[in-house]
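Undergrad: Chain residues, written in single-letter form:
There are 2 protein chains.
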Amino acid sequence: MTLTACTFDVFGTVVDWRGSIVAEGDAVWRARGVDVDWPAFADAWRGLYQPAMERVRSGNTDFVKLDVLHRENLEHVLKDFGVTGLSEADKAELNKVWHRLQPWPDSVAGLTRLKQKYIIAPLSNGNISLIVNMAKAGGLPWDVVLGAEVAGQYKPHPDAYLNSAKALDLPPDQCMLIAAHNEDLAAAQQQGFKTAFVARPTEHGSSQSVDLEAKYEFDYIATDFNDLASQVGC
Amino acid sequence: MTLTACTFDVFGTVVDWRGSIVAEGDAVWRARGVDVDWPAFADAWRGLYQPAMERVRSGNTDFVKLDVLHRENLEHVLKDFGVTGLSEADKAELNKVWHRLQPWPDSVAGLTRLKQKYIIAPLSNGNISLIVNMAKAGGLPWDVVLGAEVAGQYKPHPDAYLNSAKALDLPPDQCMLIAAHNEDLAAAQQQGFKTAFVARPTEHGSSQSVDLEAKYEFDYIATDFNDLASQVGC
Numbered sequence: 005m006t007l008t009a010c011t012f013d014v015f016g017t018v019v020d021w022r023g024s025i026v027a028e029g030d031a032v033w034r035a036r037g038v039d040v041d042w043p044a045f046a047d048a049w050r051g052l053y054q055p056a057m058e059r060v061r062s063g064n065t066d067f068v069k070l071d072v073l074h075r076e077n078l079e080h081v082l083k084d085f086g087v088t089g090l091s092e093a094d095k096a097e098l099n100k101v102w103h104r105l106q107p108w109p110d111s112v113a114g115l116t117r118l119k120q121k122y123i124i125a126p127l128s129n130g131n132i133s134l135i136v137n138m139a140k141a142g143g144l145p146w147d148v149v150l151g152a153e154v155a156g157q158y159k160p161h162p163d164a165y166l167n168s169a170k171a172l173d174l175p176p177d178q179c180m181l182i183a184a185h186n187e188d189l190a191a192a193q194q195q196g197f198k199t200a201f202v203a204r205p206t207e208h209g210s211s212q213s214v215d216l217e218a219k220y221e222f223d224y225i226a227t228d229f230n231d232l233a234s235q236v237g238c
Numbered sequence: 005m006t007l008t009a010c011t012f013d014v015f016g017t018v019v020d021w022r023g024s025i026v027a028e029g030d031a032v033w034r035a036r037g038v039d040v041d042w043p044a045f046a047d048a049w050r051g052l053y054q055p056a057m058e059r060v061r062s063g064n065t066d067f068v069k070l071d072v073l074h075r076e077n078l079e080h081v082l083k084d085f086g087v088t089g090l091s092e093a094d095k096a097e098l099n100k101v102w103h104r105l106q107p108w109p110d111s112v113a114g115l116t117r118l119k120q121k122y123i124i125a126p127l128s129n130g131n132i133s134l135i136v137n138m139a140k141a142g143g144l145p146w147d148v149v150l151g152a153e154v155a156g157q158y159k160p161h162p163d164a165y166l167n168s169a170k171a172l173d174l175p176p177d178q179c180m181l182i183a184a185h186n187e188d189l190a191a192a193q194q195q196g197f198k199t200a201f202v203a204r205p206t207e208h209g210s211s212q213s214v215d216l217e218a219k220y221e222f223d224y225i226a227t228d229f230n231d232l233a234s235q236v237g238c
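Chains A and B, in that order, are what the protein sequence lines are. Numbering follows this note's numbering, in which position 43 of the first sequence is assigned residue number 47; successive positions increment by one, without gaps. Numbering follows this note's numbering, in which position 8 of the second sequence is assigned residue number 12; successive positions increment by one, without gaps.
Hints in this document: simulated from the structure, not taken from any laboratory. Treat each hint with caution, since some may be false.
A pair counts as met if it fits within one copy or between any two copies, since identical chains are not told apart.
[To be verified] Calculated cross-link-like contacts (lysine-lysine; reagent style DSBU-like; alpha-carbon spacing at most 30 Å):
(1) K121 with K95
(2) K121 with K100
(3) K69 with K170
(4) K119 with K170
(5) K100 with K69
(6) K95 with K140
(7) K219 with K119
(8) K100 with K219
(9) K95 with K83
(10) K119 with K140
(11) K121 with K83
(12) K95 with K170
(13) K119 with K100
(14) K69 with K140
(15) K140 with K121
(16) K69 with K119
(17) K219 with K83
(18) K140 with K170
(19) K83 with K100
(20) K219 with K95
(21) K140 with K219
(22) K219 with K121
(23) K83 with K69
(24) K95 with K69
Given only the sequences and the hints, what does the whole structure look like? Please build it.
TA: If you want it as structure tokens, here you go:
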């Protein structure tokens, strides 16, 4: 079927979550009392991401927005890193660093090209407000915000992909997931999505060992969003 | 509170539903067997809109997308106008005329100005795919698609407004509804939204008698979207 919608993983694929958190930590939060090893802090915070969502995916808890899971996880990480004395307002503001993640250098240009021919939408586990605030800050030109909050389920649960396609009234094979993560793409492919792998070899820092290349057969393998735009005729 | 998000009624406020349906009817559908009085046909189709949504708002039926209600209503209108012989595919395509409604002349320019300072989002009873396809066709630069499908309820039910504000994680008074309809604005104001009335005096044709002016006290009264943009500092 004809490709109609390009849907995107966001954390790591569109934006540099680790680099952005480390940069804000060093520039803002160290002086406000979070004097930690920021790369390690970011990794620890992100490390609690999958277990938190798994409580929802498994059916053990009702769907809650990622902001809420991030906030609960922040409490654990602050404790583990021995950070005390932050006010509730400080914690709320720090938690919103996920709304302020910066795009990779090619993201805005590539999305702008893809938008000329396709519907472009985040298919992220991030909640609507997180994705909207990030887009306003970083200039990401989404047509519509899809993803976990609209679908009512977190990736890689099948419903996250299928309900996103349904929201567009498209069969899955008219949708493509673009991601830097092999397992996300494999899950989308399983539900009938087309797939494009874009490597982000420094998502986890300079010594990254995962997702350096495509492990499965995807429809496209691209070096960045501009390369992808060229490959799909934009 | 500071205004953060401008949310918009769409049918009649952003796009000219009646003029668009009449134009497509004359240009396309008359030759395909729908040889009717197109202004009357459009009015009759739209006339079934509120009763259909009321079945959802009253709790008598579960939420279904507006595309589905439009399709059911189309069946009635075709029968009332004595149109026979359309295939299922024809009917599906005609029903999607609501995805192809054209913006008023000031809509894209005004939205583009408002987007520089505010989150701009449809808060329409139209479903996500309808609003996305309309935006792609007409160049409407939404930041995010809110409205009935995301909120799970049709306007003017309170949940349609409140759940849209919640999706942005904003208190209602940081959101403004812009509409050409007094009752929609009154319902939003009741839930704490700021309000802006923009008259669309030919929405219902040249002899329109309703919504020619603001009936209640709204925060802004504007002649069009460009005027509104100027009034709110864009």
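Undergrad: Indicate, hint by hint, whether the structure satisfies it.
TA: Do the hints match the structure? See the list:
Taking the shortest Cα distances, K121 and K95 sit within 30 Å of each other only across copies (26 Å), while inside one copy they are farther apart (41 Å). In the homo-oligomer, the alpha carbons of K121 and K100 lie at most 30 Å apart only across protomers (20 Å), although the nearest pairing inside one protomer, at 32 Å, exceeds that limit. In the homo-oligomer, the alpha carbons of K69 and K170 lie at most 30 Å apart both inside one protomer (20 Å) and across protomers (11 Å), since each shortest distance falls under that limit. Taking the shortest Cα distances, K119 and K170 sit within 30 Å of each other both inside one copy (20 Å) and across copies (28 Å).
Within a single copy, K100 and K69 get their C-alpha atoms as close as 13 Å, which meets the 30 Å cut-off; across copies the closest is 33 Å, which misses it. Proximity of K95 to K140 under the C-alpha cut-off of 30 Å is restricted to the intra-copy arrangement: shortest distance 22 Å within a copy versus 39 Å between copies. Within a single copy, K219 and K119 get their C-alpha atoms as close as 28 Å, which meets the 30 Å cut-off; across copies the closest is 40 Å, which misses it. Within a single copy, K100 and K219 get their C-alpha atoms no closer than 33 Å, and across copies no closer than 40 Å, so neither meets the 30 Å cut-off.
For the homomeric pair K95 and K83, the shortest alpha-carbon distance inside one copy (12 Å) is at most 30 Å, but the shortest distance between copies (61 Å) is not. With identical chains, the CA atoms of K119 and K140 are at most 30 Å apart both within one copy (16 Å) and between copies (9 Å). For a Cα distance limit of 30 Å, the shortest separation of K121 from K83 qualifies neither inside one copy, at 47 Å, nor across copies, at 38 Å. Only between protomers do K95 and K170 lie at most 30 Å apart by alpha-carbon distance; the minimum there is 20 Å, versus 36 Å within a single protomer.
For a Cα distance limit of 30 Å, the shortest separation of K119 from K100 qualifies both inside one copy, at 27 Å, and across copies, at 22 Å. In this assembly of identical chains, the alpha carbons of K69 and K140 lie at most 30 Å apart whether taken from the same copy (19 Å) or from different copies (28 Å). For a Cα distance limit of 30 Å, the shortest separation of K140 from K121 qualifies both inside one copy, at 22 Å, and across copies, at 10 Å. For the homomeric pair K69 and K119, the shortest alpha-carbon distances inside one copy (27 Å) and between copies (25 Å) are both at most 30 Å.
Within a single copy, K219 and K83 get their C-alpha atoms no closer than 37 Å, and across copies no closer than 56 Å, so neither meets the 30 Å cut-off. Taking the shortest Cα distances, K140 and K170 sit within 30 Å of each other both inside one copy (26 Å) and across copies (18 Å). When the C-alpha separation of K83 and K100 is checked against a cutoff of 30 Å, the pair qualifies only within one copy, where the shortest distance is 18 Å, while the shortest distance between copies is 54 Å. Taking the shortest Cα distances, K219 and K95 never come within 30 Å of each other, neither inside one copy (38 Å) nor across copies (44 Å).
For the identical chains of this complex, K140 and K219 are neighbours neither inside a copy (33 Å) nor across copies (34 Å), given an alpha-carbon limit of 30 Å. Taking the shortest alpha-carbon separations for K219 and K121, only the intra-copy value of 28 Å comes in at or below 30 Å, while the best inter-copy value is 43 Å. Proximity of K83 to K69 under the C-alpha cut-off of 30 Å is restricted to the intra-copy arrangement: shortest distance 22 Å within a copy versus 46 Å between copies. Within a single copy, K95 and K69 get their C-alpha atoms as close as 17 Å, which meets the 30 Å cut-off; across copies the closest is 39 Å, which misses it.
Checked against the numbered hints given earlier, the structure breaks hints 8, 11, 17, 20, 21 and satisfies all the rest.
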